[in-house]
Amino acid sequence: MKASPLLILVALFALVFTLAVDLAPQATGWSQGQKSGNFLSLMFGDGRKLLASQFFTMADVYFHSGYYPSIFDTKSAEEKEIISTSHGRKETEEDEKKEDFLGQPKDWIEAFGRNFKVTKHTHLENGNEREILPWLRLAADLDPQKVDTYTVGAFFLWQHLNRPDQAEVFLREGLRNNPDSPEILFELGRLYHDSSHDAVRARNVWEMGIKKFLQLYVDQPIDFGSVYGRLDNLSPAQKDNQLVFEELAVNLARLEDESGNYGPAIAWFGAAQRVSLDPGSLGKQIDAIKKKISAKQP
Amino acid sequence: MNKIFAVAGVVIKELYRRKDFYVLFVLTALLTLAAGTANFFQDEKIIRYVKDVCLLLIWVSSLVIAIVTTARQIPAEREARTIFPLLAKPVSRGQVIAGKFLGCWLATGIALAVFYFFFAVVASSREHAWPLATYLQAAWMQWCLLAVVIAMVLLGSIYFAAPSSTATISFIVVAGILLVGGHLNSIALQQPEPMQGLLSVIYYCMPHLEWYYLSDFVVYNLGTVPWLKLFAATLYAAAWTGFFLLAAWFGFRRKNLTT
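Quick note, the sequences are listed as chains A and B, same order.
So the first sequence is numbered by my numbering: it starts at 1 and just counts up by one.
So the second sequence is numbered by my numbering: it starts at 299 and just counts up by one.
Hints are computed from structural coordinates only; laboratory data are not their basis.
Cβ coordinates follow ideal geometry from the N, Cα and C atoms, glycine included.
Among the clues, some could well be false.
With the Cβ distance kept under 8 Å, some of the chain A side facing chain B (calculated, not the full set) [claimed, not checked]:
| # | residue |
| --- | --- |
| 1 | S65 |
| 2 | R137 |
| 3 | S294 |
Keeping only pairs whose Cα atoms sit at most 27 Å apart, straight-line, the calculated DSS-like set for lysine-lysine is [claimed, not checked]:
| # | chain 1 | residue 1 | chain 2 | residue 2 |
| --- | --- | --- | --- | --- |
| 4 | A | K239 | A | K49 |
| 5 | A | K296 | A | K239 |
| 6 | A | K239 | A | K80 |
| 7 | A | K106 | B | K553 |
| 8 | A | K117 | A | K106 |
| 9 | A | K212 | A | K49 |
| 10 | B | K387 | A | K117 |
| 11 | B | K553 | A | K120 |
| 12 | B | K311 | B | K387 |
| 13 | A | K80 | B | K343 |
| 14 | B | K311 | A | K117 |
| 15 | B | K387 | B | K553 |
| 16 | A | K120 | A | K106 |
| 17 | A | K212 | A | K239 |
| 18 | A | K49 | A | K80 |
| 19 | A | K120 | B | K527 |
| 20 | B | K527 | B | K387 |
| 21 | A | K239 | A | K284 |
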C-alpha cells in the first residue's frame with residue numbers, strides 16, 4: 001500500500017494537535033510543580049547567584065554614574081553605597097576621600113586617559129535613581145534569597161521615587177521568598193509607619209521582625225523577659241546582624257512613645273541598648289520618656 | 299589617489315553585498331528593542347540599561363564587521379588570484395594596502411552611522427533629548443579606534459596564514475587592550491622583576507584603545523569630552539594607524555604572492 005504524502009502530513013498534524021490538547025494542561029502542572037519555574041534559574045543553576053551579585057553591583061555602578069573601582073583598583077572591600085544609603089547613612093568627608101579610588105595618575109598615559117572616563121564621584125538624584133531598578137529586578141529574579149536587593153529596591157522606590165505602592169509589592173515579594181527575614185520586615189514596617197501612617201500594622205510587622213530575629217514563637221505576644229534572655233545568648237550569626245535588631249527595637253520604642261505606651265517604649269530602648277554601639281544616646285531617650293511619665297503623674 | 303578610491307569602492311560594495319552587517323544590525327535592533335520593552339516596576343522612563351545594552355552590541359558588532367571584513371581582504375585576493383590583475387592595472391602594493399584600509403574604514407563608518415542613528419532614535423524615544431555632540435564624539439572616537447584596529451588587522455593578514463587566525467588573534471588583542479590595557483601599569487607595580495619591566499614596556503608601547511570607549515558619557519548623560527583632548531586622541535589614533543599601515547606595506551612589498 002502506498003500512502004499519499006499529503007495524507008501522512010494531515011495524519012501527523014492531527015497527531016500533534018491531539019497530543020498538544022492532551023498534554024498542554026499537564027505541562028502547566030509540570031512547570032508549577034517545580035520549585036523554581038523561573039527561566040533564569042533553569043538556565044544558570046546555582047551560577048545565577050554570582051550573576052545576581054554582579055547585577056546588584058551594577059545597580060551600585062549606575063548609582064555612581066559609572067564612577068566605580070574595577071577589579072584592578074585598590075579599594076578595600078566595603079559595603080555597597082546603595083546599601084548604606086538605604087540604611088540612612090550620610091557620607092562623611094572621610095568616606096568621600098575613601099571613595100576616591102583613582103588617586104593621582106601614575107603617568108601621562110593614565111593622566112590623558114582620564115579625560116575619557118568618569119572621574120567624579122556623584123550619586124543619582126532628581127528621580128534618576130530609577131535607573132538602578134532594572135539591575136535590582138534582575139538580581140531579585142536570579143537570587144530571590146538575597147535580602148539586600150529587596151530592602152534597597154524598596155528604599156529607592158519609596159524614598160527617592162515616591163512610589164510606596166511598588167515598594168510594598170517588592171517587599172512583599174521579598175518576604176514570600178524570605179519569610180524569616182527581619183530586614184524585610186523592618187523595611188515593611190517603616191513603609192507602614194512613615195508612608196501609610198498605619199501604626200498598628202507597623203507595630204505588628206516590627207514585632208514579627210523581632211520574633212524572627214530572636215527565633216521566638218511567632219504566634220505568642222512579645223514577652224520582654226524572653227527578649228532580654230535571648231539577647232544575652234546571641235549566636236555569632238545573630239551578633240553579625242544585630243544592627244537590624246537595634247533598628248527594629250528603636251523604631252518600636254519610638255512608635256510606643258508616640259502612642260503614649262511609655263512602659264513598652266522604655267523596654268524597647270532598653271533592649272536596643274544591649275546591642276547598640278552607642279547605648280548612651282539611647283539612655284538619654286529613656287530619660288526623656290521617664291521625664292514625660294513623671295510630668296504626667298500628679 | 300583615484301586608484302586607492304577605486305580599490306576602496308570595491309571593498310565597500312563587498313560589505314553591502316555580504317550579509318554580515320545586516321545580520322548584526324538586525325540582531326542588535328532585536329535585542330535592544332526586546333530590552334526596551336521590558337517593564338521594571340511600571341516605570342516608563344527607565345532607559346540607561348537599554349542604552350548600555352545597545353552600545354555594547356554596537357561595539358561588538360562594529361568590531362566583528364571591522365575585523366572579519368579586513369582579515370579576509372588580502373588572503374581572499376591571493377586565493378582567488380585576483381591580486382595579479384589588480385597589481386597589473388598598474389596599482390602599486392602600497393595603493394592596494396591604502397585602498398583596502400580606506401574601504402574597510404569607510405565601510406565600518408557607514409555601518410557605524412546606521413547603528414548610531416538607530417541608537418539615537420531608541421534613546422530619544424524615552425529621553426526626549428538629542429545630545430548630538432555626545433553621540434558624535436562617541437561615534438567619532440569609536441571610528442578612530444576602528445581605524446587603528448583595521449590597520450592592525452591588515453598588518454596581521456599579511457603575516458598570519460589564514461583569515462581565521464588573523465581574526466581570532468585580533469579579537470584577543472583588542473579585547474585584551476580594552477579590558478586590561480588601562481590597568482597594566484597598576485598590575486605591573488604589583489609584579490616582581492622582570493615581569494614588572496616587561497608589563498611596563500608593553501603598557502607604554504601598545505595602542506591605548508581604551509581611551510576611545512566613551513560609552514559612560516553616553517549612557518550616564520555626562521556631557522562631552524573636551525574637544526582639544528578629542529583632537530589629541532584623534533592624532534594618537536592616526537599615528538598608530540599610520541604605523542600599522544606602514545608596517546603592513548613593508549611586509550606586503552616583500553611578500554611572495556605566488557605561494
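Verification of the hints:
1. Using the Cβ-Cβ criterion of 8 Å, the hint placing S65 of chain A at the interface with chain B is satisfied: the shortest such distance is roughly 4 Å.
2. Interface restraint check: R137 of chain A against chain B, minimum CB-CB distance 5 Å, threshold 8 Å, status holds.
3. Taking 8 Å as the C-beta cut-off, the interface hint given for S294 of chain A is violated, the closest approach to chain B being about 49 Å.
4. Taken as a hint, the K239 of chain A and K49 of chain A pair is honoured in the structure, with Cα atoms around 25 Å apart against an allowance of 27 Å.
5. With a C-alpha separation of about 38 Å, the suggested pair K296 of chain A and K239 of chain A falls outside the 27 Å cut-off, and the hint is violated.
6. Using a Cα cut-off of 27 Å, the hinted pair K239 of chain A and K80 of chain A holds, with the two alpha carbons roughly 20 Å apart.
7. For the hint pairing K106 of chain A with K553 of chain B, the CA-to-CA distance comes to about 42 Å; that exceeds 27 Å, so the pair is violated.
8. Among the hinted pairs, K117 of chain A with K106 of chain A is consistent with the structure: their alpha-carbon atoms are about 16 Å apart, no more than 27 Å.
9. About 24 Å separates the Cα atoms of K212 of chain A and K49 of chain A, which keeps this hinted pair within 27 Å; it holds.
10. As the CA atoms of K387 of chain B and K117 of chain A are separated by approximately 48 Å, the hinted pair breaks the 27 Å bound.
11. For the hint linking K553 of chain B to K120 of chain A, the alpha-carbon distance of about 51 Å lies beyond 27 Å, and the restraint is violated.
12. With a CA separation close to 20 Å, the supplied pair K311 of chain B and K387 of chain B stays within the 27 Å bound.
13. At roughly 25 Å between alpha-carbon atoms, K80 of chain A and K343 of chain B fall within 27 Å of each other, so this suggested pair holds.
14. At roughly 36 Å between alpha-carbon atoms, K311 of chain B and K117 of chain A are farther apart than 27 Å, so this suggested pair is violated.
15. The hinted pair formed by K387 of chain B and K553 of chain B meets the criterion: a straight-line CA distance of about 19 Å does not exceed 27 Å.
16. This hinted pair checks out: K120 of chain A and K106 of chain A have alpha carbons roughly 18 Å apart, not beyond 27 Å.
17. As the CA atoms of K212 of chain A and K239 of chain A are separated by approximately 14 Å, the hinted pair is consistent with the 27 Å bound.
18. Taken as a hint, the K49 of chain A and K80 of chain A pair is honoured in the structure, with Cα atoms around 17 Å apart against an allowance of 27 Å.
19. As the CA atoms of K120 of chain A and K527 of chain B are separated by approximately 18 Å, the hinted pair is consistent with the 27 Å bound.
20. Of the pairs offered as hints, the one joining K527 of chain B and K387 of chain B is violated, with about 42 Å between alpha carbons and a cut-off of 27 Å exceeded.
21. Distance hint between K239 of chain A and K284 of chain A is fulfilled; the C-alpha atoms sit about 24 Å from each other, no more than 27 Å.
In summary, the structure is inconsistent with hints 3, 5, 7, 10, 11, 14 and 20 from the numbered list given earlier, while agreeing with the others.
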